[in-house]
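If you follow the hints, you should be able to join the two separate chains into one complex; please do so.
Going down the list, the protein sequences come from chains A and B.
Take -14 as the starting number for the first sequence in the numbering used here and just add one per residue.
Take 7 as the starting number for the second sequence in the numbering used here and just add one per residue.
Treat the hints loosely; a few may be bogus.
Heads up, simulated DSBU-like pairs for lysine-lysine below, C-alpha to C-alpha not over 35 Å straight-line [unchecked claim]: (1) A:LYS381 with B:LYS354; (2) A:LYS69 with A:LYS217; (3) B:LYS354 with A:LYS46; (4) A:LYS69 with B:LYS186; (5) A:LYS204 with B:LYS186; (6) A:LYS204 with A:LYS217; (7) A:LYS39 with A:LYS383; (8) B:LYS354 with A:LYS383; (9) A:LYS217 with A:LYS381; (10) A:LYS165 with A:LYS212; (11) B:LYS354 with A:LYS39; (12) A:LYS39 with A:LYS204; (13) A:LYS69 with A:LYS46; (14) A:LYS69 with A:LYS186; (15) A:LYS381 with A:LYS46; (16) A:LYS39 with A:LYS381; (17) A:LYS360 with A:LYS212; (18) A:LYS217 with A:LYS165.
Far from chain A, by Cβ distances over 12 Å, these chain B residues were calculated [unchecked claim]: (19) LEU34; (20) TYR63; (21) TYR112; (22) PHE113; (23) VAL161; (24) LYS186; (25) MET187; (26) GLU199; (27) PHE219; (28) VAL232; (29) LEU235; (30) PRO237; (31) GLY244; (32) ILE322; (33) PRO327.
The calculated label-pair distances, taken between Cβ atoms and stated as ranges, are [stated by the list, open to error]: (34) A:GLN113 with B:ALA238: 36 to 44 Å; (35) B:PHE340 with A:GLY56: 25 to 33 Å; (36) B:HIS350 with A:LEU99: 35 to 43 Å; (37) B:THR224 with A:THR208: 54 to 62 Å; (38) A:GLY386 with B:LEU201: 21 to 29 Å; (39) A:ARG57 with B:GLU11: 29 to 37 Å; (40) A:PHE76 with B:ILE152: 30 to 38 Å.
Hints are computed from structural coordinates only; laboratory data are not their basis.
Even for Gly, the Cβ is constructed at its ideal location relative to N, Cα and C.
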Amino acid sequence: MNDTAAPEPRLQMLGISKAYPSVVANDRIDLTVMPGEIHAVLGENGAGKSTLMKIIYGVVKPDDGQIMWEGRQVDIDSPHDARKLGIGMVFQHFALFETLTVAENIALALDARLSPAELAPRIQAVSQQYGLPLDPQRLVHSMSVGERQRVEIVRCLLQSPRLLIMDEPTSVLTPDAVLKLFQSLRRLAAEGVSILYISHKLDEIQALCDRATVLRGGKVAGTAHPKAESAKSLAELMIGRELPVCVHQPREPGEVLLTLDRLNVRSATPFGTTLRDVSLALRSGEIVGIAGISGNGQQELLKVISGERALHRNEGAILLGDRDVGALDAARRRALGLGFVPEERLGRGAAPELSLADNALLTGYIPAAGTGMVKRGLIRHGAVRAFAQRVIDGFKVKCGGTQSAALSLSGGNLQKFIVGREIMLAPRVMIFAQPTWGVDIGAAMLIRQAIIDMRDRGVAVLVLSEELDELFMLSDRIAVLADGRLSRALPAGATSINQIGVWMSGDFDYQGAAEHVHA
Amino acid sequence: MSTLERRPEPSRRMMLASPLIAAAAMLLSGSVLFLLLGQEPLHAFYTYFITPWTTPYGVGELMLKATPLILCGVGLAIGFRANVNNIGADGQLTVGAICAGAVALYFDEVQAWWVLPLMLLAGALGGMLWAAIPALLRTRFNTNEILVSLMLVYVSYHLLSYLVHGPMRDPAGFNFPQSKMFSDAAMLPLLMEGLRVNAAFPLSLLAAAAAWFFCRHTFAGYRMQVSGLAPAAALYAGFSEPRNVWLAFMVSGALAGIAGVGEVAGPLGQLQPSVSPGYGFAAIIVAYVGRLHPLGVVLSAVLMSLLYIGGETAQIELQLPSAITGMFQGLLLFYLLAADLFIHYRFKPRKRAISTGVSA
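In isolation and in its complexed conformation, chain B is listed as follows (with noise of 0.2 Å):
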């Protein structure tokens, strides 16, 4: 017999709280699986989750992950508001690399400030190239920009496989698979002397407050959020909706590829045959867990950050298998779906006796 029933209107409350639930219950089933794993669970614990920020380098280190998700994070967040599912954030980055590679390295001799930032353009209008396919084929022939999109990633993927093996491959790197290095004007400033953590982290924060602001105070970001809630209310409204498809993919394709751009002008320094280790699919997660609000992601973000860095740190002191990382994502996300439940629904109170004598 059902005991859940449905709320009158969705709980505010819970849905604050349910990314706070999902996290607790993560760590809970976590401190078990340590155990199995015949870990003391706080120590193992204290690894994982406390280490990464005692240090001034772990802290840099969680801000140099948490860079590429919150970037590709609030770009898919606006399109998932507006129904328009974007999965191929990696892919969009990938060929956003390739594009800022492209320039670094074309202008490698050239010791000029205007590197940078035409590296970080070229890095967004790749991103926008790779996103604009899945928007052409919804927006024309209505196919589903989930599979397109995902798809894409695995072409992006061979494409630069292809470049770093072969156009592009150094010339005096001794065969390896990999560019050559970039040039001092064409990396990206550190915030800090000792720490990796570059301009890109403070680009990624200015993204999601424009984020923000795009979503609540204009009128595009509200005629997305009316065609993800109800698209027929848009269609009376006489929202376009290829015109929502193509904003979407638009601002997560240059996003993503912003990303891109810092992470080979960042922590890489080059062009290698992968440059993500799939930051865009960690970014779906992200922009749920930060229930789609853009400020939520730069905290769900740090989060998801945490995880990649403490599962390092497991797999080094604890000598824990490099799988434990997906695993507490995963964890995260079940744990999210299953607490948003109560976003909507709710426990039924048990049978209550009812005040008599009084009218409705």
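Looking at chain A on its own, in the form it has when it is part of the complex (with noise of 0.2 Å):
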């Protein structure tokens, strides 16, 4: 790694085209990585930032191009012969057996057969080289997101890469954790390892990377120095269009439509988040934000306000208005006015093999919503398919019409298309996990406008986000949810990003700060 004469590129491509059947999504595209540089790819969903990613870990086999490693061109037939050529690849979603230790876990995904108690002294020396504090003796379900995501760098690190690929880590990360996990890299860097970063936050690329290659529809849409860009150039570069802005106005809010009253429940898994002494009052006309981490009690929250998972005794109390509805399902409290955009799509939002228009009715049929899809116990398919048909053109959803499969649509659309279902049926407290998770800027500014102008309709609104900038655009109050527990809500204006930051490690006072709802 020490050449001194004009540097080779570690990695080149050249080219690299790669057609599925309904989408080319890479078409010729080139990348030039150096030694020792951070190297950002920077693209919206579907842009290709991820066959491209497989690609070079010799998971997917490219039509056409040519791949140059040190110089030198190479087939990558297999992950096994990526690692051998000293790329390493840490994922998205980590590949971890929760009840296994750190260790057993390392020693089950290397290639060389080393037992655990072999790897413990090296997991340790090289966690601490890089500034990645790890136990190798811990279980794994003890441990945070960012702690897992340690465990799969770490492994990658053992077997001294060259190339490090890292896509989108920081997206299940605290703002404090991404700043430890920048300096780990740059450390990395500064040694020769190459690093490709993967990613659609602009701002960590302009802090983190070097260099940027940006992808749009498949194709290199240009290259970038990102620090001499500005967020916006990139953006506009990344989106191939001039940015959309939300527009918020303040308003005073009305009165309360949804209580959580001292909430305290306990999870139903092992591995789930007790919610403790939960307490919120949304009212009328205004956007309460709350941001944390997911696996924070996010989930547990979620379904006790929607029904889904209805209210024991000496839980504590939710109420619509003044009506007690903890002991309800979640039909009865729809019927009732509570709209609910849950963070899976598939499955839980829509039914994947069902289509659009029997997906519009699995909320759409409340009668108080008067859409007319059911009378007297039988579905009128007309109803039915005008208002998926209304959802669809309100929301610019893309799809081959109302009997197509909801697991035809992209992510985005799908969103789209539930984000709309919900919003038409014109509840009075509306719930949003995670809005635009996956949705490209352009749907996702879409998406906010939307929320923002059912907020100006006098709509109780709740967003739960792991996006800071999101709560930002969005909230009129915004808390944290950290362990199970939330904090006060502050006026967004009140607050800053780095604030919100360090209460999401859970380090608020808790106790008594949450406000209670005295009856």
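See below:
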């Protein structure tokens, strides 16, 4: 790694193309990564980033093009080949066994057959060297998401990679953990390791990366020096047009429509989070954002509010208006004006095999919305199709029509359909979980504007999100959910990303801080 | 190396073609089997699959055998769509037969029109009662309904056996373990003189049509389908799981019970130690071969009936063992499951040239 002469690129991809039956994922892509360089691959969902990384890591074979590794043409037929060359990859979703220790997990994943006991000292050495503290004997299920990511990174580092691919590594981290990760990555780069950093978060790329290759629609839209560009110019390079903006006017909230009163809910699964003393009053015409890393009680809180899990006695109270709805199921709560967009689209927000029309019926039947989809127990297919068509038109859902199966839509388009369906049912209280997760920037702005418009019509809106930028763009008040406890909700203008970031690690005075409701 | 890839959406064409492919593959391996057994494949094939269609009596027998398969199959299909796996239809059929038999024997002296409807009602209630046990245990204690409903089949067999050996035995029957023959008022009318097929057959077609309407046009049918396809989406929409489980078990229990009535008030004419050669189990195959669609179930029931009748013909005319029927049923299900893979997957086309110069 001490090339003192004209440095040779670590990795060079020339004219890489890959077509799937319905889409050309990569169209003649060129990419050059130098030794010790932190190189960003930037693009919206569906721009072809993941396919390109899978090609480098040997998971997918390109239809066309050349891969040069340190000046030599190579064929990467499998991840095993890739690792032999010195390519490591940290995936967005970790494949770790929760019931095993760190050392056992790493031993399973390595190509070399080493016992966990032999590995433990090496794990400790590597983790200390790069500032990634890790106890090899700890069981994975007791670890936070950030710590689990460290396991994956250390696993890659044990193989002394010369190119490390990081796929959206910060989507699960607190701001503080992101800074620590960046320090480690910079240290690696300084030692000559090349890093390919995949993300759509512009601020991170500007803070970390030396160069960026921007993909759009499967092609290279351009290369840039992120530090010399503005976030706006990078975004416009990424989406190919001017960035739409949301209009958020201050507004005086009205009466309380949703009340959470001292929710103490034990999780049904051993690795879930128990909610402790969660209280909140949500008012008409306001958006309250709840920040926090998933796994801190978000799932449990959402299920309890939506009615997918009814409250037992002594678990607290949930009021819609002044009616106690804790014992009601999701259908009855929806009939009382509660709308909910869940985090999982396929399988929860929509039945994958059913058509969009049938998925419109899933929640659209409620009599309160007056869609006339069900009369005397019978389905009126005409009304169902008409409603589905209105959602498709109103939210610019790209699909083959009302009879397309939900699973044939891209994640972002299905999200638009589900958000549209729930909004058109005109609820009085609306809950969003990760409303723009995996949605491209243009569509995300459409959804965010729709959320703000709802609030302006007097709907009480609760948004749970991991994206702090989004919460600050939308919210009138922001609270943090950490380890099953909810912080006070502060006016968005009176707080900062830094403060929320500190709170996200659980560092807030929760006792007595949450707004208790006095009945 | 894998050459299968997931289809962007499930293929509707493959969904319909798969039973036909399975039937063709079954016939093909059947021919090989005939050859190995020393039969001339074409002749054996003709005897097995064509002969039953050549006489009115044969067609009548096909309809007769198809009747309990349609009734059970339609009920099971409704449950399977909702992911309620009732595999105890044979038990529900048996208890339905017992209840109808009890009514017939109790009103043995009465020659009135209402005896038969009362028997049908008793049979349906008996089937529902037997189906209520797994439904209750699942909704209350979250037990596995596959195990409970299956085990109850054997309980029902023993119950029937006890009854025909004891309380319900024909006093004038020379100690044979069977009940008295039912009176004429307790027998289902024949569709045509000289054939054994009776009024239960049109009843089964009616049930299939009603089930089709239920699945396609009622909100309850939609709720059940959603719970089967995506349980989390059903929970999200607030559809009650216990309600679906109960509805599925009650519908399939009632239909299986009526199938039992069709047997004892039809070809059997009395209670015997066994009233079903496993119709309730064959109906599971019928339901899946029929794509869990009520009208598909009717077609697949006729196919399954042909396997039974043809198997009997083959035993008599070709001296083949009775296991041949089970072989063909097994082959059919096996090939169907294999062919079903291609509803969601397809073979990856060979590496193809990418059209350069066309922007995405």
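How the hints compare with the structure:
Annotation: proposed proximity of A:LYS381 to B:LYS354 holds, straight-line Cα distance about 32 Å (limit 35 Å). The straight-line distance between the Cα atoms of A:LYS69 and A:LYS217 is roughly 40 Å, outside the 35 Å bound, and the hint therefore fails. At most 35 Å may separate the alpha-carbon atoms for a hinted pair to count; B:LYS354 and A:LYS46 meet this at roughly 13 Å. Annotation: proposed proximity of A:LYS69 to B:LYS186 is violated, straight-line Cα distance about 81 Å (limit 35 Å).
For the hint pairing A:LYS204 with B:LYS186, the CA-to-CA distance comes to about 83 Å; that exceeds 35 Å, so the pair is violated. Restraint check for A:LYS204 and A:LYS217: the C-alpha separation of about 20 Å stays at or below 35 Å, so the hint holds. At most 35 Å may separate the alpha-carbon atoms for a hinted pair to count; A:LYS39 and A:LYS383 meet this at roughly 26 Å. Between B:LYS354 and A:LYS383 the CA atoms are separated by roughly 26 Å; this keeps the pair inside 35 Å, and the hint holds.
A C-alpha spacing of about 24 Å is found between A:LYS217 and A:LYS381, which places the hinted pair at or below 35 Å, so the restraint holds. Only pairs whose Cα atoms come within 35 Å are accepted, and A:LYS165 paired with A:LYS212 is accepted, the gap being roughly 20 Å. The suggested pairing of B:LYS354 with A:LYS39 holds, with an alpha-carbon distance near 18 Å, which does not exceed 35 Å. Under the criterion of a C-alpha separation no larger than 35 Å, the hint pairing A:LYS39 with A:LYS204 is consistent with the structure, at around 16 Å.
Distance restraint check for A:LYS69 and A:LYS46: the Cα-Cα separation of roughly 17 Å lies within the 35 Å cut-off, and the hinted pair is therefore satisfied. Restraint check: the Cα-Cα separation between A:LYS69 and A:LYS186 comes to about 31 Å, which is no more than 35 Å; the hinted pair holds. With a CA separation close to 34 Å, the supplied pair A:LYS381 and A:LYS46 stays within the 35 Å bound. With a C-alpha separation of about 31 Å, the suggested pairing of A:LYS39 with A:LYS381 holds against the 35 Å cut-off.
Annotation: proposed proximity of A:LYS360 to A:LYS212 is violated, straight-line Cα distance about 60 Å (limit 35 Å). Distance check on the hinted pair: A:LYS217 and A:LYS165 sit about 26 Å apart at the alpha-carbon level, within 35 Å; holds. Interface exclusion of B:LEU34 from chain A stands, the closest Cβ pair being 31 Å apart, more than 12 Å. Under the 12 Å C-beta cut-off, the non-interface status given to B:TYR63 relative to chain A holds; the minimum distance is some 42 Å.
Chain A leaves B:TYR112 outside its interface by the beta-carbon criterion, the shortest separation being 37 Å against a cut-off of 12 Å. The Cβ of B:PHE113 sits about 36 Å from the closest Cβ of chain A, beyond the 12 Å cut-off, so the non-interface label holds. The non-interface label for B:VAL161 is consistent with chain A: the shortest C-beta to C-beta separation is roughly 34 Å, beyond 12 Å. The Cβ of B:LYS186 lies farther than 12 Å from every Cβ of chain A, with a closest approach of about 44 Å, so its non-interface assignment holds.
With a cut of 12 Å on Cβ distances, B:MET187 stays outside the contact zone with chain A, its closest approach being about 43 Å. For B:GLU199, the non-interface assignment is confirmed: its Cβ lies about 41 Å from the closest Cβ of chain A, beyond the 12 Å cut-off. Separation of B:PHE219 from chain A is inadequate, the least Cβ-Cβ distance of about 9 Å not exceeding the 12 Å criterion. The claim that B:VAL232 lies off the interface is violated: its Cβ sits roughly 5 Å from the closest Cβ of chain A, which falls inside the 12 Å cut-off.
For B:LEU235, the requirement that its beta carbon stay farther than 12 Å from each beta carbon of chain A is not met, with the minimum near 5 Å. With a least beta-carbon separation of about 8 Å from chain A, B:PRO237 fails to lie farther than 12 Å from that chain, contradicting its non-interface assignment. The non-interface label for B:GLY244 is inconsistent with chain A: the shortest C-beta to C-beta separation is roughly 3 Å, within 12 Å. Even its closest Cβ contact with chain A, about 45 Å, leaves B:ILE322 beyond 12 Å, as expected for a residue assigned away from the interface.
No beta-carbon of chain A comes within 12 Å of the beta-carbon of B:PRO327; the shortest separation is about 42 Å. Taken as a hint, the range 36 to 44 Å holds for the pair A:GLN113 and B:ALA238, whose Cβ atoms sit roughly 43 Å apart. Restraint check, B:PHE340 to A:GLY56: a C-beta distance of roughly 54 Å breaks the suggested window 25 to 33 Å. The hinted range of 35 to 43 Å is satisfied by B:HIS350 and A:LEU99, whose Cβ atoms lie roughly 39 Å apart.
Evaluation of the 54 to 62 Å hint for B:THR224 and A:THR208 yields a pass: the beta carbon distance comes to about 59 Å. For the pair A:GLY386 and B:LEU201, the beta carbons lie near 49 Å from each other, so the given range of 21 to 29 Å is not met. Evaluation of the 29 to 37 Å hint for A:ARG57 and B:GLU11 yields a pass: the beta carbon distance comes to about 31 Å. In this structure the hint that A:PHE76 and B:ILE152 lie 30 to 38 Å apart at CB holds, the actual value being about 36 Å.
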